[in-house]
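> Okay, here's what each chain looks like letter by letter:
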Amino acid sequence: MSVVITGYGAITPIGLGVEEYAAGLRSGACGVGEIDLFDASAYRSAKGGQIRGDIRTDAVRERAAAAGVPLQTRYGRTALFSLAALSEALVMAGLHTDDLGDGDTGLAFGGCTAGTFESEDTLLNLEEGQDYWDIVPPMELLITPVGTTADVLLTVTGARGPVSTISTACSSATNAIGLGMRWIASGRASRVIVGGGDGLCRLTHCGFNALRLVSAETPRPFDARRDGMVIGEGAAVLVLEDAERAAARGATVHGRLLGFGNGAEAHHATQPRPDGSGAAAAMQGAIDDAGIDPALVDYVSAHGTATPQNDVTEARGAHLVFGDRATGLPMSSTKSQTGHTLGASGAIELAAVLLGMRDGFLPPTVSWGEPDPEIDIDPVANVAREASIGVALSNSFAFGGNDASLCVAHPDAEVGR
Amino acid sequence: MSTPVITSLGMLTPLGMGQQEFVDAWRSGASAARIEDGPTAGGVAVGKFILRKAFPEGRALMRRMDRLSKMICMSGALARDDAPGIGDVSRLALGVGTDLGTLEMTWAFLCRLRDKGPELANPNDFPNLVPNAGAGYLGILLGARGPSHTFCQHSTCADDAIAWAADGVLAGWFDGALAGGAEELGEIRAKAMARSGCPITEGPAGEGGAMVLVESADRAAARGVEPLARWVGSWGASGLRKGSPLKREVDPDAVAELVRIAADKSGVEIGVALLSGAGDEALIDGVRRGLGRDVPLTDHADRCGMHPADGALRTALAALLLADGDLPVNRAGESVRGDGALVLSAGRGGGLRASVLAQA
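Heads up: the sequence lines are chains A and B, in that order.
For what it's worth, the numbering used here labels the leading residue of the first sequence as 1, then goes sequentially.
For what it's worth, the numbering used here labels the leading residue of the second sequence as 1001, then goes sequentially.
A few of these clues could be false.
Claimed, not checked - Beta-carbon label-pair distances, calculated as ranges: (1) G1087(B) with Q72(A): 45 to 53 Å; (2) G1117(B) with T57(A): 45 to 53 Å; (3) R1289(B) with A247(A): 36 to 44 Å; (4) L123(A) with R1064(B): 19 to 27 Å; (5) V253(A) with G1333(B): 18 to 26 Å; (6) D1024(B) with S186(A): 55 to 63 Å; (7) P1123(B) with G323(A): 32 to 40 Å.
Hints are computed from structural coordinates only; laboratory data are not their basis.
All of these numbers come straight from a predicted model, not from anything done at the bench.
Backbone N, C-alpha and C fix where the C-beta goes; we use that ideal spot for every residue, glycine too.
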């Protein structure tokens, strides 16, 4: 059974909606700056890919109204980002929430933080003598579990098919998209809302700072001077459908999901296998699942965190999969523009791939300046490149050694099963 | 396609550690529910377990692990040890469910951030705060490099994990998986439940872990293993009543519809039901209407306590009940009245999952 993407939406630090996002990707915009969501001055890095201001712009509100999605704020930033991305995905897919209650629409969502930021606010701003448990609003406790974002989307969509939240750190959204793809392929649902959302919070910012995995400057993926990631925030939502169902309702296809690879590294809690075999297994798994020749892959949307370990092992993984061809294979990291949006990153980056396919460009790795002799790939340095993408991979690698990759094709590409 | 079967169980429960201890306690009618002092007061805790005995080579890694991860790894080790001749585990998939994850440790991390500032945050703690930490550690300890997912959809999390594992075996994505879930008791969980108005009075809060080995019938046969139960299928749905997504009010009509679908599509005679919660009338009514009759219900919640990932324990118990016709369903001494078992879970937010197992 063929799985197609009929709609997608994205809320990112470089654009509220896919058109703004596409313009930002193409222009080499960078959404990384000083965090003012909370006081980050005492951390090693005060930088973040923060979404600033009220995201409920006129355009976002119009899309939400058209899709029948209330832009509720009481469930926190992550849920709001996700609702806005959902609106756009539904509008693009020609759907309204009234269309989704048929029992054959499922929801698979990825994330890590849900309402953690809102919960932290009360805990970290207690006044002398106050007991947290006496004053915390119950709502703050209820929106903290990671499954809450899916709860909110479920209520809004009225979807009555299968529902799951996957939380595998930075590969959460990619795994959720893969799960939705599997559900359709196995007949569990004919339409699945998939994606991921994560908001900035002190917990993740502090954690990555403590591990010394963050940069105090803008991130420089694949650059010899790279010194860490910068945490970002956002959400992206995609509508996956069985190709026959999509065709029957005359939906426009924006991409075809051909394959999904996922595997555990069984190596270390936070560090990748140095030889790149974990990254390679995920990419090879997606290619094998798609049933295509690796030579057909035109572009790899890299995990590309800009940590010293990730980027070199990801490049080694590409060489294990593509051989010498990896040297010239375009492989860029949009985290250089958005920051690392953690559990949302897989969906946000897949949206970048779809936009590149649609508009004929390769998203760049910005802030790149000095080649690393151990990273022998084409990072699409600094400037977006005009190119057609027929088939692409989108990689996400995570703590716990959880590696995932998606293989996606242009709607007109005659490849895959 | 190959039929998924359950061939081994790893049970870390308040009623006992390991399949035999649990079965003996269950058969005797024992209950672990009791009032305790300390941070787990009012809850039902698992006994002390020593993970390093299960993985002697992993001692250094264990020094970095949190308690929930240890529970997940211990459950996996028990399932492994219950499967003699399991052979090469490098291609095993891992599916883990946990709703709350390391809630207690997360709280401690944030309190330290508040009290000491970010410069004194412990870098060793943070990797344990992601829900998939336990799956990651289990993969390292076992050397399992197959697909790995961690599911967090409230009280269907472990059911989702096991259903994913069975789907994978059926579709040929992998030929074996350890799948289940775990949750831990703690002071913060209890306070959060009380403050947020969660219905903790339904039954005792519990903790524990359970993992099942799901593999293809062909793989089991090649190993000469008699399966405990055959996996028939799992069906998911959303059964949320209109209103806040944060409420846990399950629509009985949605439950009945899902149970009807599960019963019809499975083609087996459901002879026992294992429901989440303790006496949730919406679930009981939905099962009755979905099946068109009453079936015996297990009383696991009263005896082992409840937690969001206890769908794994119920799946393991279902396999045991189907494999051993003499094992009582509950302390009333009822028996399984058919060749199938229904495991039904309902989570906050309306997620429902109905899974059906059958006699092997």
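> Which hints from the list above does the structure break, by number from lowest to highest?
2, 5 and 6
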